[in-house]
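Now for the letters of each chain:
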Amino acid sequence: MSILKVRELMVFYENAIAINNASLECERGKITGVFGTNSAGKSTLMYTISGIILDLKRKEQMRGGERITVLGSILYEGEEVIELEASVRARKGIILCPERRRIFQESSVIENLRIGGILATRQQAKRTLEYIYTIFPVLKDLKNREGGFLSGGEQQMLAIGRALMAQPKLLLLDEPLLGLSPTIEEILTDAIQDINTKFGLAVLIVEQYARPILPIIHYGYVLENGSAVLEGTSEELIENPDVKSAYFGL
Amino acid sequence: MPKTARRKKRLDRSVKVRTEGLYALTSWSEITYLLLPRLVLIMGLLSLPFFLDMYWQRVLCAAGIYGLLALGFDFLAEFVGLVCLGGAFFIGAGGYISGLLNAYLGLSPLVCIPIATVAGAVISTLVLVPALRLRGIYFAIVSFMFPLFAVYIIVALSAFGGTEGISALDNLPNQWVEVYLILAAVLVSLFLLRRLVDEDMGLILRAIKDNDQAVKASGISITTYKIRAVFIAALIGCFGGAYLTHLYGWLGISLFGMDFSILPIAATVMGGMGTLAGGVLGALLLTPLSEALRGFGQLRVVLYCFILLLFIVYKPEGFLSYFQRKYHQFELWEEV
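Each protein sequence line maps, in turn, to chains A and B. Be aware that the first sequence starts at 1, since it is given in our numbering, and climbs by one per residue. Be aware that the second sequence starts at 251, since it is given in our numbering, and climbs by one per residue.
Keep in mind that the hints are not guaranteed to be accurate.
What the hints assert, rightly or not - With a Cα cut of at most 20 Å, we get these calculated EDC-like pairs of lysine to aspartate or glutamate:
#, chain 1, residue 1, chain 2, residue 2
1, B, LYS258, A, GLU14
2, A, LYS5, A, ASP242
3, B, LYS266, A, GLU14
4, B, LYS565, A, GLU231
5, B, LYS258, A, GLU130
6, B, LYS259, A, GLU60
7, B, LYS576, A, GLU231
8, B, LYS576, A, GLU60
9, A, LYS59, B, ASP460
10, B, LYS258, A, GLU83
11, B, LYS576, A, GLU83
12, B, LYS576, A, GLU14
Claimed, not checked - Which residues of chain B face chain A? A few of them, derived with a C-beta cut under 8 Å, are:
#, residue
13, ARG257
14, LYS259
15, ARG260
16, PRO566
17, GLU567
18, SER571
19, TYR572
20, ARG575
21, VAL586
As the list claims (entries may be wrong) - If you anchor each label on the Cβ, the simulated ranges turn out as follows:
#, chain 1, residue 1, chain 2, residue 2, range
22, A, ARG102, B, PHE580, 47 to 57 Å
23, B, ASN461, A, GLY78, 39 to 49 Å
24, B, CYS555, A, ILE118, 44 to 54 Å
25, A, GLY78, B, THR473, 49 to 59 Å
26, B, TYR402, A, ARG102, 40 to 50 Å
27, B, THR473, A, ILE110, 29 to 39 Å
28, B, GLU449, A, THR121, 50 to 60 Å
29, A, ARG102, B, LYS266, 36 to 46 Å
Just so you know, these hints were derived from the structure itself, not from any lab. None of the values given here were measured: they were computed from a predicted structure. Cβ atoms here follow ideal geometry from the backbone N, Cα and C, with glycine treated the same way.
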């Protein structure tokens, strides 16, 4: 039973096509990966699923700039959400952890987490907060530090924590390993796996750097020029010669 | 696929693509395509005074001043990233200097105006320099403050005629000089600014708006460039002020009035931010409009706000951007 079904999704930035007839599914309680090089349409996919694209669209309209067109369907728990605002989708449980973290620079770590937890009940928030401190102990020590003063890795942990606080049913991670060191990568991938197994949370990871992510996913897609050209389980993808050469340099 | 199997596709007209390079000069149709909008604007502005009576010519002059301010505002806001609400300060500085030179030294307006333009711009720039490190709304607030300061200083010290102002200054030689001076100023500054923003300096200014740290990292002093940009905008605004003083033969604290800060912004929003010409056209529409609505008394502010609101809600890009697009591009339905 899949929690998210994307069907024949097309996104145009004016005449340029960013996502071309992409279809993919996220299973309940599984980690799904989407891999692709730069300009494959990964971030656009994230914006479209989380609904941020509607906001971008409106801003472009205000400026009289590019016209963004979104066609196709996104079924979330059997319900069409493609027309819904990002905030409505978030309330339904689709939570995006955005690319480049986008944490609130001038708020402290704890404040960032509490902002994320605005949708949660008091008890949920308390429980999630404790859980976040167990998977990312470093955040507990830096509790009162301003977000902008954290290192890149700590910021990424904070961003994931903030997304978790919103009590997601489907967690979207946009390039969680962007520009991070191998040690931090390991902490993060372990954490993602832990989140998935402990809560049975469906996770959709979009990443360009497939090497550390491929082993932890259950099912994956390879995105190329806006279309899903390849799909398969983790093992199938790892064994695939094209993936090998493109993402492992073998 | 079901309901949305088509989307509107927007393509550049072939003549637009052909006229982008030097080849534009190879055929009459392409030259016409390039020149038409510009000629319509120039010819339209220059011939406008012939169709207007004395009163409306005056209105046109006022519209020209607002147009100049709108140009300066648009240039600073869209190309340098400084939202400057200090239009009234430019007008005031230029106006007071020119008026005082005329009243105390008895210089002719044609000498006063250039001196006041430069001197006023220097003063305005110096005043704004400390605020240049501020960005966005903070710069706007600080620049909004200066005209208010100036008014209080003049009132408190009773300097330069105090609240009464100085009247009976020399006017410009005749009505035609008045009208064509401002029209020429508007056209010249419009086309020079449009050229400037495509030159190297314009590139740097736009880069400052985008990401000032990256510009600094390229070894460019952003403060110097911001000062230059403010000076250019101030030059345009101060000319408007100096001209205004001699248009009415009077100077007073209403030269620092909020109208000069706010109306240009409205005009720019209406015409289209970042188009430069849009602000001028917006001013040419808004000023006569607010004159025509004078019969409504205080209600005209409401009507005027209502029009603005309609623009912000339904055509936030501004009418010039809209027409530009229609001129350069066509649309067609495409199956996907």
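How the hints compare with the structure:
no., hint, in the structure
1, LYS258/B with GLU14/A, "holds, 9 Å"
2, LYS5/A with ASP242/A, "violated, 26 Å"
3, LYS266/B with GLU14/A, "holds, 18 Å"
4, LYS565/B with GLU231/A, "violated, 44 Å"
5, LYS258/B with GLU130/A, "violated, 50 Å"
6, LYS259/B with GLU60/A, "holds, 16 Å"
7, LYS576/B with GLU231/A, "violated, 43 Å"
8, LYS576/B with GLU60/A, "holds, 17 Å"
9, LYS59/A with ASP460/B, "holds, 17 Å"
10, LYS258/B with GLU83/A, "holds, 18 Å"
11, LYS576/B with GLU83/A, "violated, 28 Å"
12, LYS576/B with GLU14/A, "holds, 15 Å"
13, ARG257, "holds, 5 Å"
14, LYS259, "holds, 6 Å"
15, ARG260, "holds, 6 Å"
16, PRO566, "holds, 4 Å"
17, GLU567, "holds, 3 Å"
18, SER571, "holds, 4 Å"
19, TYR572, "holds, 7 Å"
20, ARG575, "holds, 7 Å"
21, VAL586, "holds, 6 Å"
22, ARG102/A with PHE580/B: 47 to 57 Å, "violated, 38 Å"
23, ASN461/B with GLY78/A: 39 to 49 Å, "holds, 44 Å"
24, CYS555/B with ILE118/A: 44 to 54 Å, "violated, 35 Å"
25, GLY78/A with THR473/B: 49 to 59 Å, "holds, 58 Å"
26, TYR402/B with ARG102/A: 40 to 50 Å, "holds, 43 Å"
27, THR473/B with ILE110/A: 29 to 39 Å, "holds, 38 Å"
28, GLU449/B with THR121/A: 50 to 60 Å, "holds, 59 Å"
29, ARG102/A with LYS266/B: 36 to 46 Å, "holds, 37 Å"
Checked against the numbered hints given earlier, the structure breaks hints 2, 4, 5, 7, 11, 22, 24 and satisfies all the rest.
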